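Which chain is which? The protein sequence lines are L and D, in order.
Residue numbering for the first sequence follows our numbering, starting at 141 and increasing by one per position.
Residue numbering for the second sequence follows our numbering, starting at 13 and increasing by one per position.
Just to be clear, a hint being listed does not mean it is correct.
Distance condition first, Cα-Cα at most 25 Å in a straight line; then the derived PhoX-like pairs of lysine-lysine [to be verified]:
id	chain 1	residue 1	chain 2	residue 2
1	L	Lys-157	D	Lys-204
2	L	Lys-241	D	Lys-270
3	L	Lys-229	D	Lys-434
4	L	Lys-241	D	Lys-387
5	L	Lys-151	D	Lys-259
6	L	Lys-157	D	Lys-439
7	D	Lys-387	L	Lys-280
8	L	Lys-241	D	Lys-277
9	L	Lys-157	D	Lys-434
10	D	Lys-484	L	Lys-151
11	D	Lys-286	L	Lys-280
12	L	Lys-196	D	Lys-387
13	D	Lys-287	L	Lys-157
14	L	Lys-196	D	Lys-287
15	D	Lys-286	L	Lys-196
16	D	Lys-387	L	Lys-158
17	L	Lys-196	D	Lys-270
18	L	Lys-293	D	Lys-286
19	D	Lys-95	L	Lys-196
20	D	Lys-439	L	Lys-158
21	L	Lys-158	D	Lys-286
22	D	Lys-387	D	Lys-434
23	D	Lys-287	L	Lys-293
24	L	Lys-151	D	Lys-352
25	L	Lys-151	D	Lys-434
26	L	Lys-151	D	Lys-270
27	L	Lys-241	D	Lys-95
28	D	Lys-287	L	Lys-158
29	L	Lys-151	D	Lys-309
Counterexamples of contact, computed for chain L against chain D with all Cβ distances above 12 Å [to be verified]:
id	residue
30	Gly-159
31	Leu-160
32	Glu-161
33	Leu-216
34	Thr-219
35	Phe-243
36	Arg-246
37	Glu-264
38	Thr-291
39	Val-332
40	Val-356
The hints are simulated quantities; they were obtained by calculation from the structure and are not laboratory data.
Keep in mind the model is a prediction, meaning the values are calculated, not measured.
Ideal placement from N, C-alpha and C gives every residue a C-beta, glycine not left out.
Here's the letter readout for the chains.
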Amino acid sequence: MRILVIEDEVKVANFIKKGLEEEHYAVDTAFDGEAGLYLSEVNEYDLIVLDLMIPKINGLEVLRRIRNNKNNVPILVVTAKDTAEDIVKGLDSGCDDYLTKPFEFRVFLARVRALLRRERTDAEPILRLADLTLSPVTHKVTRGGKEIELTSKEYGLLEYFLRNPNKVLTRTMISEHVWDYRFDSMTNVVDVYVNYLRKKIDKGFEPKLIHTIRGVGYILSPDRP
Amino acid sequence: MNFRSLRFKLTLWYVLILGILLISFSAFLYLTLSGSLHRDVDHKLRSLAELIASESTSPLSKFSFGNIDQTLEDSMNLKPIGKFIQVLDESGRIGRKSENLKSVQLPISLQALRNASKGLITYETNRSLGNVPLRIITFPVKENDQVTNIIQVASSLQDVEDVLRTLVIILVITVPSILMIFSLGGQFLANKALKPVDRITQTARIITSQNLNQRIQTLKVKDEISRLIDTFNEMISRLDQSFRQIKQFTTDASHELKTPLTILKGEVEVGLRKKRLPHEYEQILQSNLEEINRMSKIVEDLLLLSKADIGEIRLIKEDIDLTRFITGLIEQMKILAQPKNIRIETSNHQGEIHILGDPLRMRELFINLIENGIKYTEEGGSILITIAKETDDPFSPLPPHGKRKEAFANVTVADTGIGIAKEDHEKIFNRFFRVDKARSREQGGSGLGLSICKWIVEAHQGEITVHSEPGKGSSFIVRLPLYTPQGQNLDNF
């Protein structure tokens, strides 16, 4: 899952990025409204974390412009503005959740998870397909009741697959949602990681869940396409 | 009714004064009328007595003390109605008397008799005859300086007393009625006049810090009360303004403190989520220390400013030679400027320039300004500090004594830095105003430095201004009143 953090306070942006990456999210940062808006337009994010008091284009304006672009990405506003009017104004300008600074990082992560869940119809906290489960809270992955150890990138990849089950995902989509902007799309890193993941979750289990769609990408599904 | 109310007091005073006036007037009226009526009676009695006396002594007169009534009517064509006349001989024996006296004698007191024997006239009021008060004149008739006869003429005072009694009755009825009517009227007037005061009270009572936008409705007529309302409204406006400023300041201050707090909390929480290597902990602690220092600086500066606001800071002023003072500071500042390879230069052609100032604050002021210069100047730039006495306009004609006034010391701190946009020139002295928030925080500023500079300069009766052009640099100009060192040079502010 790829997250954009728009925050002018470098240290704040850095610890948010670090904390999120340790939760296996891919994170990009922007230090002003202009850069943030640009990144939100060129990349497809699963979530945007937005500060309101940022230079060049202020946060509320960024919020409005993102929504004007018909971009429905979940947006979590994180700001020092904590009056009732500020919160109402923020939510009415199109953000999905509002967190005031200073905040508890656990709460911040829980809100991130809640907003990512919003996209799904069942909204169950645990992601599940056939006998494969993934808990975004504990990061525990099991298949047939047996726990599976995954690396950070493998975990990120599986989370993206599980959030989009039974859907063909192209290599570009995968690279955009699992890796941050430093990812070099010319390499075959995606294929390599999909193979790592396949070995861990499909080897010795039936039915196979990860299927290759030749020339297009991959699909996570209990049924053979 | 509230007996302490202004309304009651006003009415009470009003009625009291009116009452005193009315009673004095009544007393005056009564006394004047009574005096006048009595004088009139006495006058008539005396005229009659004199007439009788002159008739009786006139050798041509046919007057005798026979039948007085008849005689009077005959000789003088006079019929003294309601007058009683009695003639006595010099020893007081009663001779003739008028018919209307019938068998009654007019009383004569010993005193009157004694006076008469000396040739003096006596007036008396006697109530011994029936219930009718009588006014009696005892008039001695003299012939060749000898009292021959005594004439007594009396008149009833019944009419006079009736008139006076009627007057008293009228006054006793009308004065209290008038007072009653006026007390009601006075109360009505006081009510009417004080009604706006009630409104002021009501509004004042409901005004708290939460609804300072309330105002008292103004009156159409411009009188004392409307002036009071205007004054009151102006006061609420000023309160409103200062509350707003305090609120803004508190909001700003809390925002300023929230950023380092967010960083502290966030970094520590993220750091504690899993076991890390020692150098990672070290990094976190170092960053935390930076934030703690920043918070200390903000809190320190805030405390200083709030103390300055309530006038709690005592300036200990002494004679300072700015030239030497600033030259000394620059030596220290050069250490700060070295890493960025910034030159600091001074220019002074006038030797010693004295001001009266608190050395501690002066130090803070110039260090702040030079530090700012270093922060916002690119590597390899320079800072020029000019110290001069400010003269009047050099093109104006010389004053009569031939010397231009040198009232101010002028210190300019000019850098070759990034400069400040014109629209921000006013605002840079405002608390927590930052042209570039990120940059200021990177430099560790509290956002209060220039506010403190402004306070220091103003506490020394000077002024601070800025000239700047983006990209070319900024000049901060400090003007401080000159001081001529003579006699006492330590002044506690």
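Hints, verified against the model:
{"no.": "1", "hint": "Lys-157/L / Lys-204/D", "result": "72 Å, violated"}
{"no.": "2", "hint": "Lys-241/L / Lys-270/D", "result": "7 Å, holds"}
{"no.": "3", "hint": "Lys-229/L / Lys-434/D", "result": "31 Å, violated"}
{"no.": "4", "hint": "Lys-241/L / Lys-387/D", "result": "28 Å, violated"}
{"no.": "5", "hint": "Lys-151/L / Lys-259/D", "result": "28 Å, violated"}
{"no.": "6", "hint": "Lys-157/L / Lys-439/D", "result": "34 Å, violated"}
{"no.": "7", "hint": "Lys-387/D / Lys-280/L", "result": "50 Å, violated"}
{"no.": "8", "hint": "Lys-241/L / Lys-277/D", "result": "10 Å, holds"}
{"no.": "9", "hint": "Lys-157/L / Lys-434/D", "result": "37 Å, violated"}
{"no.": "10", "hint": "Lys-484/D / Lys-151/L", "result": "31 Å, violated"}
{"no.": "11", "hint": "Lys-286/D / Lys-280/L", "result": "16 Å, holds"}
{"no.": "12", "hint": "Lys-196/L / Lys-387/D", "result": "22 Å, holds"}
{"no.": "13", "hint": "Lys-287/D / Lys-157/L", "result": "18 Å, holds"}
{"no.": "14", "hint": "Lys-196/L / Lys-287/D", "result": "38 Å, violated"}
{"no.": "15", "hint": "Lys-286/D / Lys-196/L", "result": "36 Å, violated"}
{"no.": "16", "hint": "Lys-387/D / Lys-158/L", "result": "30 Å, violated"}
{"no.": "17", "hint": "Lys-196/L / Lys-270/D", "result": "21 Å, holds"}
{"no.": "18", "hint": "Lys-293/L / Lys-286/D", "result": "18 Å, holds"}
{"no.": "19", "hint": "Lys-95/D / Lys-196/L", "result": "120 Å, violated"}
{"no.": "20", "hint": "Lys-439/D / Lys-158/L", "result": "37 Å, violated"}
{"no.": "21", "hint": "Lys-158/L / Lys-286/D", "result": "12 Å, holds"}
{"no.": "22", "hint": "Lys-387/D / Lys-434/D", "result": "19 Å, holds"}
{"no.": "23", "hint": "Lys-287/D / Lys-293/L", "result": "20 Å, holds"}
{"no.": "24", "hint": "Lys-151/L / Lys-352/D", "result": "24 Å, holds"}
{"no.": "25", "hint": "Lys-151/L / Lys-434/D", "result": "31 Å, violated"}
{"no.": "26", "hint": "Lys-151/L / Lys-270/D", "result": "13 Å, holds"}
{"no.": "27", "hint": "Lys-241/L / Lys-95/D", "result": "116 Å, violated"}
{"no.": "28", "hint": "Lys-287/D / Lys-158/L", "result": "14 Å, holds"}
{"no.": "29", "hint": "Lys-151/L / Lys-309/D", "result": "18 Å, holds"}
{"no.": "30", "hint": "Gly-159", "result": "4 Å, violated"}
{"no.": "31", "hint": "Leu-160", "result": "9 Å, violated"}
{"no.": "32", "hint": "Glu-161", "result": "10 Å, violated"}
{"no.": "33", "hint": "Leu-216", "result": "14 Å, holds"}
{"no.": "34", "hint": "Thr-219", "result": "9 Å, violated"}
{"no.": "35", "hint": "Phe-243", "result": "7 Å, violated"}
{"no.": "36", "hint": "Arg-246", "result": "7 Å, violated"}
{"no.": "37", "hint": "Glu-264", "result": "25 Å, holds"}
{"no.": "38", "hint": "Thr-291", "result": "15 Å, holds"}
{"no.": "39", "hint": "Val-332", "result": "26 Å, holds"}
{"no.": "40", "hint": "Val-356", "result": "38 Å, holds"}
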